[in-house]
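Chain residues, written in single-letter form:
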Amino acid sequence: MKNHVSFRVAFLLVLVAFAVQGCLGIGGSSNQGNFKSENTGNGQKIGVNQTTQAVFKGKIYFTQGRNLLVLDGSRNVKQLTHGEDVRDPAVSPDGKWVAFDVRYGDYANLVYMSVNGGPQHVVISGNGHYWTNSGGFPQDDFYWFGQPAWSDNSHLAFLSDFQKNFDWAQLGGDFASAPFVDMQIFSISISHTNLTGAEGKADSQIVAYADYGDGGDRDPMYRPGHPSEIIYTHYTYDKTGTNQVIQLYLEDANAIAQHPNMYSPGVEGSGLDPAVALTPPNVECIEPAFSPNGNWIAYIRRNPSTNSMGLYVMPVPSGDLTSNPNSPTTQKAALASYPRSSLIMQGQFIGQPVWSPDGKQIAFLSYNNNEFDIWLANVSLNPKTNQYAMQGSPIQLTQGGVDADSRPFWTP
Amino acid sequence: MVKGPVTGPAVNPDAAHAFATRSQAIAPSASPGKGNGYLRTGGLLSSTGQPLPAQKIMPIGVAMQSQPLLAPNMQTGAAPGAMPVMGTMAPVSNPRQVDPFGLPVVSPRTDIWSQAWPDTAQAGGYSSPASVSGYVPPGYRPPPGLQKPAGNANKRKKRRVPIWARVILVFVLIILLIGGAGAYYYETNFAAPVANITGQVVPRMKGDVNPNQNSTSGSGDILSGGRINILLLGSDTDQKFNGDFLAQTDIVVTIDPQTKYVGMLSIPRDTWLNAADGYGMMKLDQAYGRGGVGLSRATIYQDFGIPINYYGWVGLDGFIKVVNTVNGVDIDAFHPITDDNYPDDRPGSKNQYAYMRLYIAPGPQHMNGDTALEYVRSRHADLVGDFGRSQRQQQLLSALKLKLNNPSIVSELPQLANDLNGYVKTDMQLTDVFKLMNFARTINQSQIKQVVLDGQYSHTVGGYPTAYGPQDIVVLNCAAVIPVIAQMFGLGDQARCDTGISSTGKPTSTAVATVTTPSTAVSPALAGPVSSDSVWQVAQQMTEVSGLSYSDGSSSLMGMRSLLDLLCMTVFESPVGMQA
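So the protein sequences, as listed, match chains A and B.
Numbering that gives the first Met the number 0 applies: residue 0 is where the first sequence begins, and numbers increase by one.
Numbering that gives the first Met the number 0 applies: residue 0 is where the second sequence begins, and numbers increase by one.
With a Cα cut of at most 30 Å, we get these calculated DSS-like pairs of lysine-lysine:
id, chain 1, residue 1, chain 2, residue 2
1, B, K400, A, K44
2, A, K35, A, K359
3, A, K238, B, K448
4, A, K44, B, K402
If you are wondering where the hints come from, they were derived from the structure by calculation, not from laboratory data.
Work out the full structure: start from the sequences and follow the hints.
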């Protein structure tokens with residue numbers, strides 16, 4: 000009898016030990032159903048789907064809790080940064096470097112480092128200071144950087160408010176009454192590092208202007224196979240200044256540099272535009288991502304009538320769209336592909352699509368169980384309809400939540 | 000497990016168990032067993048020690064009441080063939096309790112039934128819990144004095160409480176238990192925080208009228224009287240209710256319950272004016288810093304003629320804590336939020352007048368309390384100004400509502416109460432806040448008159464010489480302000496704009512161009528511990544609020560929702576906040 004009781008007590012103790020271990024998160028990893036969980040610091044965990052349905056090739060870089068993580072095809076997670084506010088990783092075409100921005104209170108640094116981690120190379124530091132502005136709000140020379148995108152192995156496009164202190168008052172109206180803090184797209188060579196904001200501004204080339212007042216541009220990405228073409232999301236207001244207009248634009252990345260006196264920032268419909276809209280103004284389309292062959296665009300469309308968002312794929316319009324973007328013919332041709340968009344999937348919150356290097360999968364962020372996670376959709380092109388469609392159901396790849404406002408990157 | 004001289008025919012334990020659950024079970028259990036095995040099982044004996052026939056020892060009705068249970072010794076097979084042990088849980092729960100002979104020991108019983116050994120035949124059937132409790136030694140007879148006289152069973156039956164009475168008794172007991180648990184839950188989790196939030200009366204300063212003294216309603220219902228003016232003050236962080244800190248937000252809300260009119264006047268915090276009680280010229284936010292609620296309230300009355308019935312003070316950190324307690328909110332940001340002039344009034348800020356920069360990415364994302372506060376407070380991120388800001392606020396409130404409407408929030412309610420504790424103060428009672436917010440919610444927001452005394456009503460003067468050095472101040476254009484106040488607050492000729500500075504920036508005759516020694520106008524009562532009386536009053540209010548919420552179909556979350564409304568309205572500086 001005594002032995003029996005001891006056995007039961009011992010058995011209970013073992014159970015308690017397991018329970019405590021589970022509660023306290025002791026141990027490097029654990030399995031919750033199909034998900035293998037890894038501690039990533041700050042009390043956070045990332046679970047990775049281990050089933051055969053969640054197979055993918057290459058590596059996916061993303062951030063969780065503002066730490067940079069990389070998930071490989073064997074579904075192992077490696078943490079590359081610790082304790083920094085890292086966002087928007089992007090891997091260079093040769094696979095050597097990963098660029099990202101690091102936020103520090105009032106500013107950000109644009110940096111890159113080895114894809115395996117290690118020391119960071121600061122391309123530009125956005126640090127600065129405030130100064131008194133008699134009769135108005137204080138001014139500053141702090142700068143934001145965001146969403147780097149490689150055009151080749153030595154040049155980065157990125158978002159910045161570099162031109163906020165430029166005297167745009169000549170444009171009148173809103174420009175004369177407040178600083179122009181809307182984000183625009185610039186590019187810079189990474190041959191120099193540790194540039195100050197002023198130095199970085201001098202070394203950078205403006206790629207895409209913003210309109211005033213709605214936050215500027217987002218999501219820049221060069222078109223594979225067409226290194227001079229860049230796509231981005233353009234936020235602005237309509238001519239009445241009361242309704243938002245959010246469209247995808249395609250542009251020759253060198254158009255402004257090659258025609259320095261032709262273009263300027265402004266408001267919707269004012270002056271000449273170096274870019275051409277690929278989506279109509281009455282639909283909010285965001286977060287475009289080129290397919291690996293550069294012929295398709297995955298993007299997110301808001302659907303206010305159902306209070307939902309959809310992941311769509313549309314073909315890149317054919318023809319030369321960037322040489323003469325202000326031509327009505329070009330503008331019409333640029334909108335021709337939008338009606339051929341195919342819905343891949345929809346949900347309450349869907350975002351940040353990114354193609355697999357082989358073009359057979361699209362990873363995206365979806366909101367389920369009160370968290371944003373990476374999901375995979377197997378997609379294929381139907382030769383009859385010439386449209387992309389999802390094969391099967393989407394597969395949840397991660398569990399535990401990732402940063403939904405940080406763009407993931409998929410590399411071979 | 001009990002070992003003893005138990006023998007008898009094999010009995011299928013399952014079958015025995017099945018029998019043991021109904022009165023007929025006694026038939027097989029009373030079938031001839033052998034010796035002690037029969038006795039051990041709680042079977043009954045005649046006065047001669049012989050087993051009694053089943054039909055004599057267990058009438059159906061009685062047996063049903065006894066709810067017999069099967070002891071584990073049957074299931075373990077230790078007593079094969081023995082009848083099912085029937086009895087209470089006592090011997091079952093301690094099967095290893097045995098006498099020196101290896102027989103189970105009966106637990107001592109204190110009730111008369113365990114001591115008596117009724118003549119079951121005379122008693123009309125089996126009823127002794129002693130016998131059903133377990134082992135009765137062979138040949139045992141109770142002491143003569145404890146034998147029950149014949150006919151006692153009938154008497155006992157007559158005295159038995161009727162079923163309906165038992166049901167009612169149990170029901171009442173359950174209600175009492177639930178009520179007691181609820182009261183305990185209230186008191187331990189809510190009463191102290193709510194008592195620390197509501198009823199925080201601040202003494203009136205000299206010259207400040209108390210419009211509540213003229214209240215004629217006398218019904219105790221805040222909505223049964225005339226117009227109510229509430230001063231909402233928002234400070235940058237926690238524990239700044241004690242003065243010496245700035246009030247970033249200064250809003251006067253006016254509510255006329257009779258006409259269902261709601262108005263909201265936002266006075267810029269940098270408004271240069273003549274503080275009451277001889278404090279002299281200063282910014283409105285400094286008035287709070289130098290004299291707390293009392294000086295802010297008195298100054299509003301002195302300079303604008305607006306009598307303040309009640310005040311509400313909010314620490315912005317409370318909003319951050321609330322959002323964090325519900326594990327953040329998930330929002331699709333409409334567009335990038337860029338703001339280089341967001342007030343740097345975060346905890347730990349080195350300079351309350353400093354600015355900080357914001358860049359919030361567009362698209363779906365999770366926001367913690369800090370980011371959510373920035374998202375709803377930024378004034379410079381939309382071309383459409385406050386309209387865009389209101390849209391963001393409504394968006395965030397919808398997300399917050401989703402979290403608050405989740406049943407799991409119940410477990411977070413005590414934490415929500417703690418989040419608000421120290422970050423919300425008002426001299427209203429909880430029921431008043433609840434009624435006011437419920438009333439305000441019924442008003443169409445498009446009909447709520449909202450005026451911000453900026454631009455159209457004022458202008459900024461940079462580097463104005465003050466006792467604190469040159470400062471950027473806001474000077475009101477009183478000619479434009481007075482009609483607005485007169486209309487919004489129904490003051491007619493009583494509306495004033497005696498700020499002590501002309502629209503050209505020159506002091507007027509009423510100005511007192513001195514700065515007096517700072518004082519603290521905080522009621523001593525505020526610093527004291529929460530009394531048990533106030534806790535009890537709060538418990539009563541919360542009960543009333545819960546009742547009111549049931550009656551109007553709203554979810555009060557123990558009254559927390561109305562306090563959240565007060566918090567959000569002040570943080571947002573907008574009636575949008577009343578939708579939490």
